[in-house]
Structure formats: C-alpha cells, structure tokens
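Q: From these two lone chains plus the hints, build me the complex, please.
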Amino acid sequence: MATVSMTVNGKSVSAEVEGRTLLSAFLREGLGMTGTHVGCDTSQCGACVVHVNGEPVKSCTMFASEAEGAEVATIEGVAAEDGTLSVIQQAFQDYHGLQCGFCTPGMVMSAAALLKDNPKPTEGEIRKYLEGNICRCTGYHNIVRAIMAASGQDVPAVAAE
Amino acid sequence: MPKDHGIGASNKRREDIRFLTGNGNYSDDINVAGQAHVHFLRSDMAHGNIKSIDTAAASKMPGVVRIFTADDLEGIGGVPCGFQITDRHGEVMQEPAHPVLASGKVRHVGDPIAAIVADTLEQARDAAEAIDLDIEELPAVVDMRTALDAGTAKVHDDLTSNLCFDWGFVEENAGAVDEAIKNAAHVTTLELVNNRLIANPMEPRVAVGDYNRSNDESTLYTTSQNPHVVRLLMGAFVLSIPEHKLRVVAPDVGGGFGSKIFHYAEEAFVTLASRALNRGVKWTSTRSEAFMSDAHGRDHVTKIELALDGDNNFAAIRTTTLANMGAYLSTFGPMVPTWLHGTLMAGNYRTPLVYCNVKAIFTNTVPVDAYRGAGRPEATFQLERVIDKAARELGVDPIALRRQNFITEFPYATPVAVEYDTGDYNATMDKLIEISDMAGFDARLAKSKANGKLRGFGMNCYIEACGVAPSQLVGQLGARAGLWESATVRVNATGSISVLTGTHSHGQGHETTFAQVVSEMIGIDENQIDVVHGDTARTPMGMGTYGSRSIAVGGSALVRATEKIINKAKKIAAHLMEASDADIELKDGMFSVAGTDKSLAWGDITLAAYVPHNYPLEEIEPGLEETAFYDPSNFVYPAGAYACEVEVDPDTGKVTIERFAAADDFGNIINPMIVEGQVHGGLGQGIGQALLEGCVYDENGQLLSASFMDYAMPRADDVPFYDVDHSCQTPCTHNPLGVKGCGEAGAIGSPPAVVNAVVDALQRNGKDVTHIDMPLSPHRVWSAMNG
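Chains as they are written, first to last, in the working numbering: chain A, 524 to 684; chain B, 9 to 795.
Calculated directly from the structure, the hints in this document are not laboratory data. No false leads were mixed into what you were given.
Not the full set, but computed from the structure, chain B residues with beta-carbon under 7 Å of chain A:
id: 1; residue: Lys20
id: 2; residue: Pro209
id: 3; residue: Met210
id: 4; residue: Gly262
id: 5; residue: Thr294
id: 6; residue: Ser296
id: 7; residue: His514
id: 8; residue: Gly685
id: 9; residue: Gly689
id: 10; residue: Ser715
id: 11; residue: Phe716
id: 12; residue: Arg723
id: 13; residue: Tyr730
Please read all numbers here as calculations on a predicted model, not as lab measurements. The beta carbon of each residue, even a glycine, is placed where N, CA and C say it ideally should be.
Pulled out of the complex, with its shape left as it was, chain B reads as follows (with noise of 0.2 Å):
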C-alpha cells in the first residue's frame, strides 16, 4: 500500500498552484520602480582586436542614460572560475581574466562589448545600433583537434598557448595502463565526439540589479541555482561589495541544467551598473543571446581503448580527450572533464587499470561549463559504448560481458579515486530486461520488419557519482569552494514551521519534498511546513542545486536540523510532564512519557518554547529554531541500467524511439512521483543528446545554431512514454536518510543506449557500422548506412 503522505509518498506537488495559474514569480516578472534597461552589445565577431569603440552619437539617442564599455570597469575583477586544475607535471591550469565586458579583443560570438543603459529596452536597443565599431578580425580559433598545432591564433595573447591544462588521472599508473593493453589479448577501441550541447532552459536568464543609496545595499534578483554563491563570487572576486551589503535574490526560476550556476558577467554588470547610476538596471536575455552567452556543454573529442583479458574480463581502459573550455573559463568548467570525469571512467565493473588523459583547450566559442550531469555523461558514453563494441567483436552477449564485469562487492574502492558504499548491479539488469520486455523483442522486430522498417535494440548501464560533494576532498582536488549545505527549521509559536534550505529549486518540487521530510520526522500535517528558498537574506548561506545534491546534501541538513529541534522540544516535553528527557517519546506530532498516559501535542511544546512561563529557562534557551551545516563524507552512487528500442527507416535514415525503459537505483526514495519526473526529464534531454541537439560552429567560429530554428530541441513527438522503475534500492550507507540523487541520471545513462540500438539495427541488417557521432540525425544514419 503506498503511503499517502511523509516520506515515501507521491504527494502531488505545491508549488504547482502558482505555476499552473500564472502566479509564479519568475525573475523577468520582477520591475523595480524607476529601473532602467540594459541591452548588450555583442560581438558578430569570433576574435578580433578591438580597434575603437564610438558611443558618441548613441549617447545622444533618446533615453540613453549610460553607455559603459571596458574603460568604464576600471577596478572592477574579472568574472572568477571556481575551479583550479593541477596538470600532470604539477602544474596549476592557465587562467585568462575574463571581463566583464570585453576588453582589448573579443573572443566569441556574444563576447559583451558595449552595455547599453536607457529608459526603455527598445531606445537601448536603438542606441547599440548607432554605436561605431572599428573591430580588426582574427582568425579564429574553433576546431579543438588543430589549436595546439604552432601557428595557430592564441585565444589569449598573455597565455603560453591555447592549451589551458593536460591532466592525466591517475598519473602514476600510466605506465601500467600503456603495459596492461599492450599485452591484452584483446583490445577495443573507439574514436568518438561527445556533441557540444546548449542547456536551453525554458526561461530565459534575467538580472535585475537594485541598489539602495540609503544604505548602501544592493539587490540583485537573478536567474540562479545558487544564489549564495554568486553572492559570494560576484562580492568577493568582481565587485568588492561585502556580503552584508549585497542580496541575492533567485525567485521562481525556470529551469536550470546546470546553465544557471555559474556566476554570469551580466549579474555584475546590473550590480555595478545599479550603484553607478542609483537607479534600477534590469536585463532580459533573449533566446538569440542565451545561445551565445549560456555556458555551453560537453564537446569532448575522444579515443577510448578498453583492453580484455583471454576471458573477457576487463584489464584496463585507457582514454584520451581534448575538453573544449570555449574563450574563458566559465565557474565550474575546468571540473567537469576532470574530476567530474575521470572519476567515473570504472563504470559499474572491475577493472584494475584506468588511466585518462585530459587537455583542455582554448578556443573562439563561448564557455563550456557544467551541463545536466557534467563530465559523468561524457564517461557513461565512451566507456558504453566501446563495451558494445567489444561485445560484437568477441562475438558475446553484450549483457553477458556487463554482468561478467561487475562489481558486485560494496563498499568498492575503484582505482580512480573514489569508493562507491553501495550498489545491486545485477538487479537493475534484471528489472531491466523485465521492464523492456526483452523477451517480446522478436516479435517486434518481425512487425518492423513487415513495415519496412531497422529495428535495433541498445541498453547500456550506468553509474554517477553525485550529492557533491565532500568539501575536504574536492578541496583537495582543486575546488575553491566548500560544497556543504545548511538548513535552518524556524519552528513558530503555534506550531507552524518555516524551513530555510541553502539548496535551491528550479523545477524539482522542494517545497513539497522537504517539507514531507520534517512531516513525517516530527508528524505533523505537510501544510503547516512551508519551505524557503533562493534569497540570501532569508536563508542561511547555502551552495544551492546542482550535481544532484538537494536531497542527499540540503536534505540531510534538514534532517540534522530537525533532530535538533526534536531534542530540545523533548527537552521542554520533559521540564513541562516532569519526567526525565529520556523517557520522552514523539509520535504522530504529540509528546508522550513512557509507560504513562502524559502526552502534550507538538502545538503545546512550540506555544511553551516562546511563552516561557512554566519553562527551564536556566536549563534551555527560550525559543524554537535550528540550523545544521552537513557536509557529506562520500559522494552518492545511483545506478541502474536503461535501454532503448529504435526503428530506422532504411530510405531516409531517420530514427525513431519505440520504447525506452530505465531501471535506476536510487536509494530511499522521498516522493517517487517527482522521481519520476526527473527520470523522464532526464531521458528527453539525453535522448535529444542522442538525436537530435547539437551546437555547431563554422570555421569562423560563427555559431550556426544559435535558436530554436536551428538547434532542435526535442519536441512531444521526438520522445515516446518510458517505463521507468525504482524499486531497486540500495539504500545510501553514509547520509541520515539512506538517498541519492535522481536528477541527473536519465541525461547521464540514455545516449549510450539510444546509439547503442541504432548500430545494432544496422548491423542486424547487414550494415558494417560500429559507430555513429551524435546527433544521429537522418543524414549521419543515411551516410553511414551507405557508406
């Protein structure tokens, strides 16, 4: 019988009311009063040297209150990365400034040159269009595979090279790894393109910077999963403001995918632009900029050998990628080829050797940064599909060779650096090939084939590493930043309860989830629990939503909280039944003394923890709120194991998803329903990953795809219903409430399985095709087939 309310229950979500009746409070429905509007001015170019820049006539447009270019921004830093590679000879990354608006050259289409303040967004846009440019063109710099080759341009003139850093992990077995392939008795190998992807969450970014003369505070609403952090990026590194004088505010927001993290040169420029001018200064992103401004993701080139030994157990795996840093570093995007990476190149199995080698490099394209599951999607690929791979070549099972190579003892130390606590492998490929319907694929393929129509089957596993992250190990790794998460849990006088969670939610449904956590701890009714998020002068400083960590991470603070406001409401239980703390017990919201039939309801503990009147106020503080900091000791691991059933049309190379099903492990689960819903949102991004979606530049570096005309988004009719499952659970060993996240997993394990069933339909039909570069678009499949 599924529970119908607190944890475990598929409570339908809050928030829904406001979203669903247009009340949603989405940062671009935010007008200060007075504010003025910015438009940038972006290069059409992809280098260039900046000659001169003419404003004088469009300062002279009509409701042009400022125009500020890079000489405007003298004192003010550079957009910081958060992140510091150490290269394989012990050397820190090259790390170009990054301005605010362009100063010297312009590096990529969308480079910010020249921000436009006026009345109105139509005179700002006006004024940009009578702004004189004198812009001398470079060449640019846009195929990864050629900019290290002497003779290219340099991105950054200051750098030694376009190469930003040459990792390799883990350094010391290189030599090993080389030894273990030479002497295999089979190797597979597989050159691949991890494709380069533009998150496209619906909203588009929005910030609106408010500065208050009165008391020198400043404002900024903005479109982010951390606004905490870009508090403390933009006060410390951009704009010298203090904490205490700066709020960050990121309301309702629609959508994230890891594109609104990072700490984005526009926040600073309405920041600064606010205080400069003592007027609000609000900016709204186009479609057509978020394509040229958002960081980017993935754009992996890559060569991965996977060596076996003479039964077919895995030896080792050797893999080599060029990671595309586009012209800056954006916050994160040094991490995500690395740590986010590397770390994940075992997979679910057991092999001794992993060795991967990493050079990030520069090029004339906007930044690439952390995309929906970041770096582990990049691993899960190349490492899924040169097993496939292996399996037609040794002539084996392809599910024989995975479950031959498992890992199936926990805790699992790999030898890349982490130890996964927990996992059931072979379960989810066993609930896999149930919920597929293996067993019918023979029949289906028969009906394909009465219609003309390739019919393959792919499946893949998976496994991430998430809830990031242990603050002291990722220090370790080069992380300049804690990733903790705080909760506070104000409980009010009649009983009433304000949680405050650092983490922040942008379409996972916190409002409903955590608060069905204190619920079902203190056992009152979910109503009278109202969760707040996403305002760094409400809640306490949290490092927000990213990397599948609200649960495991923001969640176990909140339990941790919740703990101590159960301890010290016992405590007042105690002092008010006289009876000893230890005999108190909570059930159902009331306080009872063991062995007796005293009880006192949650109501009359909060009422007596701010009327103190009969209260040990020499014992305990009066009042009732609690804050807990939790940094977790281990990533979490989910895991699981997906396939996808596709037809091609043989005529036109297009294809077609016929079934997709993913069966996940996610530990304890909280609301299955908002699992669900984060699984299947994940399957239509990998699956458009797969298919569809791809960021393509020409060799000026003119951005080809740069709307939804161009770059395609899968629609309803791209995707059919999944069968998705979670009833494998190998509860998390290290946080308080056994979970692991669920959001990144679906983008992390379909595109395997997606291409994985296309090679297989064309090689069930006699095509020798072993492998084809996302998005596997009607022409690629057509080309392939036809060689």
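With the rest of the complex left out, here is chain A (with noise of 0.2 Å):
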C-alpha cells in the first residue's frame, strides 16, 4: 500500500492504495465517485473516461498511483455547483444523445477533450474521434448530433445529408 494524493474536480484527496488500484477503482470505490464507469477489461469502451491535466484518459488503463500529483476531472464535475448542465451535457439531452446512460459519462468526457482541441469538429472528425467511446443504445446518431450542437453548428441541415 501506497499513499496518492491528487486533486479530483478541484478538490484535493488523498487515500492509501495498492498498487494495483487502477485509477477507475479508485475513483469509484475509493472515493465513492461512481459516475466514471466500467464496461469493459480492454481499453476499448471508454465509459471510464476522465481527464487528466486536461487530457482524456481511460481510468482503466491507468493505475492510481500514477495519478499521483495529478489534476483529475470526472463527470461529476462537468456541471455548474448549481446544477447547470454544462453546454454539452444539455445538447445530450436535447438532442437525445443517451438512452441507457452507461456510456454517457464517457462520452461527455470525451466529447469535452474534442471540442477543446477542435471547436467546430466536422460529422466525420467526431465519428472518428469517438472510436474509443461505444455506445450500444443509440446507434451514435444523436451523439453525433448532440456534439455538432455543442459546438454551435447547424444540426438539422447535417441530419437531413
């Protein structure tokens, strides 16, 4: 056992660990933060998404103690103190862009690390960059389309293409 210490959405925590803890595990048992998922043991779901000094990592894929130091963002603080969904958690949901909701915290999570980097992201940029999200419920239409909306373009006009 080993002593992490990071900051998680802001706030620092500090926790003993083996060394074997991956950074999800320790996120949701450690820290009882259950909004980072687990779908899968390969790195290929991505519904562990978080970010990690601001860039997407799968957590796990990660182990804890290599968080060490480290400025973790999850799901659960995407959204303002007062409840306001972010600009991209509201396009979810007005353009239905989650069904069963599993995925849901990944996406967000990676659909924020794109956006940053590529503000205006075309359908074939996020279709591509979304190839380590899956998503089983929504045939990826309107996660598509929740993202274009997201950054400020036309939604209806690319659907109807």
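A: Printed below as a string of structure tokens:
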C-alpha cells in the first residue's frame, strides 16, 4: 500500500492504495464517485474516460498511483455547482444523445476533450474521434448530433444529408 | 404544429439529468455494509468431466471467507427454463438440469465451477488461482450440423441425444407445402447462417445479495429487465424462498437488449451465499466474463425455399433451421426459434402455405436466448433475402414483387397462427422510396463509380409480432408464465402522482413517456408525475420489459389504472359539487359540471380523497390509488420498409454504409424523439450484425471472440446518419393507446437491407454472387467477389 494524492474536480484527495489499484477503481470505490463507469477490461469501451491534467484518459488503463499529483476531472465535476448542465451535457439531453446512460459519462468527457482541441469538428471528425467510446443504445446518430450542436453547428442540416 | 406536452410530444427525458451528471444508480454503484465479494472460477474447457476440485490451499488464502462448489449446493434447484416446447411428434423437449455451479461436468467455456467469497475482490481472484482442478477433457460439440451424428459426444449424458426438440409448424401443413413446392412454377432456394451474436449492453451484469437475518429477508440488487420474473424464478425454483421474503431491485440498468431478461446462476448464488454467510455478497461481471456467461443470440443455420406460381404470386414457403441452444436452456431459449420465429414466416405477404421446421441443438457453448428481436430477425432475414434472390432469378423488380404479394386487407389471419390487426405496407413502401431518395440512386452510383467504388441498393420489408403477449395463447404454446402487465397510479393528497409500473426502463425512457400518458389523461403537469420501476417491494408484480411490450402492454395497464382514478375522482367531484357523476367533465385538470360554471381543480379532489370530511364515505372509500392488470388480446404488429446503400471497395472488399432509411408504422406514438432513438439504436445493432459482429468458437469450443478487441462492436464511424420516418400510422385496434412497439424494429428490419445492398453492388459489377453470410467482413466480401 502507498499513499496517493491528487486533485479531483478541484478538491484535494489523498488515500492509501494498492499498487494494482486502477484509477477507475480508486474513483469509484476509494472516493465513492460512481459516475465514472467500467464497461470492459480491455480499454475499448471508453465508459471510464476522465481527464488527467486536461487530457482524456481511460481511467481503467491507468494505475491510481500514476495520477499522483495530477488534476483529475470526472463527470461529477462537469455541471455547475447549482446543477446547471454544461453546454455539452445540455446538448446530449436536447438531442437525445443517451438512452441507458452507461456510456454517457465517457462520451461527455471525450466530447469535451474533442471540442477543446477542435471547436467545430465535422461529422466525420466526430465519428473518428469517438472510435474509443462504444455506445450500444443510440446507433451514435444523436450523439454525433449532440456534439455538433454543442459546438454551435446547425444540426438539422447535417442530419438531413 | 407538434405538441409540446402529453401524448405525441417530443419531451426531453427527465432521467437524462442524473445520467449526464454521474448520478445514476447502477447496480455496481450499490454496496451493502460489510459486503464480501465473489469471484467465479470458470471452466476454460468446453467439455469435460470434473474429477476433483481441491480448494484446501485456496481456502487458507488471505481474506477468503468460503469457497463453494456444487457439493455445497445440495438442495438448491437448478436454473429453470421458462418455456416448454412440444415437438412435432407430440413429445416435450429434452430439458437438462442447469446447476448453479457445474456438477459432474463442465459444458461450456465459462461454466462456473467454484465460487470464491472473500473480503475483497482481489483476494477472491488470488484464491481462485490456488484452486487445484482436475478436469478430464472430452470432445466438444460445437458444430450444430454434426451434433446429431452417431458417435458425436453428448453434452448431457442423461439425455438421449443433443437434440432438444424437433418442432414443426404448422405440422398439418407439411404435406401440402411439399406438394405446392413440387408443383410450383418457380422455386428459389437459399441456404444461410444467421450469425451468433452477443448482446453486450455497456453495463456488465452485477448481482448483490443482502440478507437480513432479523426478519429473514433477502434482497437482490441485479441488472435485470424484469425483477419480478427473477424473484419468481429464483424464489420458487432455485432457492425455495417465498416471495414475501425476497426483494429484487433492478435500479438503473445500463442496457439489456434481451440479455438481462434471463435469470442467471450468479443471481441465485449471491442470494444463497448471503444467507449462508449472513453477510452481503457482491458480484460484478468483467467484460471478459460477460462474453462467456451472458446468454448469446441468434445462431441459426437455415435453408428456405420460396415457391411462386406462374404469375409470381407466393405459393408456399418451406424453411428448415438448426437452432443452437448452447449447453443449457436459458430462460426463454426454446421460445426464440419457435414461436417468435415460425409465426413471422408469412412476413408482410399473402403466402397461403408455410411450413417451418426447427431442430434445437445442444452444444458446448454458452446458452443462447433472446437478443433484440429474438426470432423475428431470423425470420425476416431469411424471408427478405429469399425474396430478393427470387426477384433476381425471375428478372423482376424486387419492390414490385413485394408489392404484388403484400397483404392489403386487415385483419389478416396468416397460415402461421397470428392475426395481423392492421397495417399498410404500401404506405411504408411509398414513404421509403421518398425518404431514401431512390430516384437519386443512379447519380450516386455514377459518383461512386468515378471514385472506383461499387455501389449497391438494397431494401426489404419487415413485420414483427411484439407487445408480448396474450397469456392464454402463450400458455397453450408452452410458456410457463403469464405475460400481462401492471400499473398502480398512486395519487397523493396534494395531487402529485406516483406511477408504479411493472415494466422496467433500461434506456427506453419510461419515466418520461409514462408520465406523458397520465398527464394527457388527467390534464395535469408532467412534473407532478413520477414513475417508479424496478423494485419488487415498491411496484406491483409485473413481467418487465422485452419484446417491445412496455407501452403496448404496460402502457395499456397504465391507461386502465388512470381511468379508474378518473372515474373515482369524478364521483368525488360530483359529490362535492352536488351534481350527478354523469355530468362531470374533466379537462386540463379541472372537473366541471356540464352546463354550469361550477368547477373544482384536480388538487381539490385529491385533497378531499384523503381528508374526507365532506365525502360520501358510505358510497366510496377514501384515498385515490388504483391498480390495473392488463392482458393483451393479441400481439401488436409494427411493420415497415428499410433501404440501405453501400459502397464496396473492390480492392479490399470493405463495405461502407452510405445511406440507411427506415419507414416504420408503429401506430400511435407517445414521444417521437424517443421512438426515433429506439430505431436508431436498433439500426446500429442490425448493421452491426450485418457487417461486423460475429461470435466465433473454434473446433474445440474455445470462444475466440471473447473481448471487445475480438468481437467487433459498431463504432461511431461504422454507421451513417439514418433517415427514419414514422409518419405512416395504422393504430393498433386492440389496445387503448393504439400503440405498437418500437424497440426491436430497427434490429429486425436492417440486416437483410444491408446484405441485399452488397449483393446488388456485386451483381451490378458482373459478379455472380447471390449470398454472403453475415458478418460481411472485407475478407468474406473480397472472397465472394474473387470466387
């Protein structure tokens, strides 16, 4: 066991972890932050995406100890303190970009990372970027639309094509 | 002008807020105080005799609480099957025991052999490594086509063979069908495989057992589409726990697609272990475990023959199928290739004679059961592929051939035991031609050609029977359950409402749509209505969500319960306003006396019901809460027409979906946004089946496609935007909302369109390819092209 310290959604946390404890497990079981989901064990599905020092990371692929001193952002920290949804979260609701909700935290975190680097992605760029996030419910249609809407693009026009 | 509230409005989903903010409450988010964790040691062999299981060293490992094997489960029942098929000779199916932990033999990779309960999951996993197993490997039965041959190993030694049943439907028609095929002007034959799939909801299964010794109650938190069914099956058949001592909670569930209908051994294990250890016991499936323990889907090998007369009218269909049951019978496994498959073989067409033979086979593979569509995709695929092939052989337009044979008058009794109440297949075909821009195909074809790509167009129709199901009918067919649904409408004193439904929402948005129905009927704001589901302690007994049944059956129960509420509220209003019941009108949440200016608000009535000071207590009970159970008189029959355009890369065989259009008739619609989302999701899964997904076992029964690295799930860049339309609406004639189901249509209707399109692309380029089995991987398509 070793002590690991990091900042999660702006708050400092510190805990004893085993060397083999994954960041996803640390968040879920150590901190009780169950918004980050684990959908596979081969780093394929992306339900566990969080941001570490501003970069999207599959938290099931990183040891908690590797996040020592890092700034970690999770889905719990995306909405405003008063509960107001972020632009991306609101677009996911407006465009029905989620159904069962299990992949959603990872989708939102990946979308946020995409739009940070590419504020107006094309449909093709969005689809390619989401290669590491699997959704089984939506057929991706409304996820892509939601991300286009969140980036200020005209969604009905693209959907009709 | 689209509606902005009530039935027909595209309300945003209220459940989204918790999912978008990380506040969902999924089963793995639930931990009970002092819980232990269980890890299942699973067979890495497909078939073998268990000679010994030595747990002595493992039991002494740090943190180990107890290790269970089959020897510890004496007196515990097996996992039951919920459907019994009677075969074409009048014999009931062969039904093997399905022990909670493997007993005597292991029968598939993933069969649980031992359950290690420890303080932490890591300790349980570590201890599993120290268990000494001696298993004598036996030849595995993998290929259904040789499973019945003499000399093939038997999956179950106590059964006479690997044949579960040999079903014929309609058996009395068999001779007439043979005769019609013999005498037909033209017969088109197609042999195909409906590929084995894995549902793969993104949330792996979880089961948490929590026993309370003080009142002898067990609670099971589980990833289920139907918690009451799990309570019934597990309580009555496996653990002998009466229902009033067993609570099953299915909280937020991250997708199901059928795979979370079934009662699984792990649920029974955590419940019994929690009782035995007087401690909570939790199991969370890894994805790798999910691949080898969740029920798989499809896996049919089929030959279909379509006979046509000299005028191209369909004369008869004969189809024979080998259906994989896997190693044990899952909850609804036998129902899928029979009553959910044979009954759909008429499709949208007037075919006077149909005969369907299904041999269900045991193999050393994971049990096979319902996956989105369940039997209906298998029926639709073979029928719509053989029609396309027939059109090519006859040199006629595949759309014209379909139109010529459409059923156009309703109700229509098919030769396969179901009666379609309503439909308009020409209307959805017309709509498809419009939304798919069929007229623009030639221009797109030329463009593809200029880019060095082969382009093809494929379409098909579909019909499905869903809204399962009339209890008396399915009882005659072999169901061991009723398939009604329930709803309680609990009106609170201040007028807010809790709807308690026996259905379960795991992505379908019932919390939003069910509130829309009640809001429409009473005329109060949807925000005053909450919908509760997924807890046997809170909701009336219900049969859950699958078979596109929630709005058609559960919604009907909800309407009936709300009608009772309105009737009683009107009586109260009549008393308070000193009028006759018959003169009370309800509009927008106001009760008024016809022809007067007297009126009372909803809240006045609900308060009076609970504060009955001026109240006809001699005539009406106080309170305002009603329950209804609704048993449908027929299935519902959504139908439609789908079209796909593909490009094929001639150098690699890679197929890309360029366009996909779906014109559906779902009858009346409660929330168009949610309906479209359901179709999108179904299309994603159907395209996945057609192009990408395939569960593969090697000849030794090793599961080769056992992770997301090996089993190709559709990703965002594998699919296009879809053009979907549901404006053709022929309302269901036998349920109060006039609704049909929409959950499975996309997955049922889309695979044949994709394959038809790829065959079209190859044929247009002079390749004599009439069929390619799914998934249409680049390798398969390239091989077919280069024959």
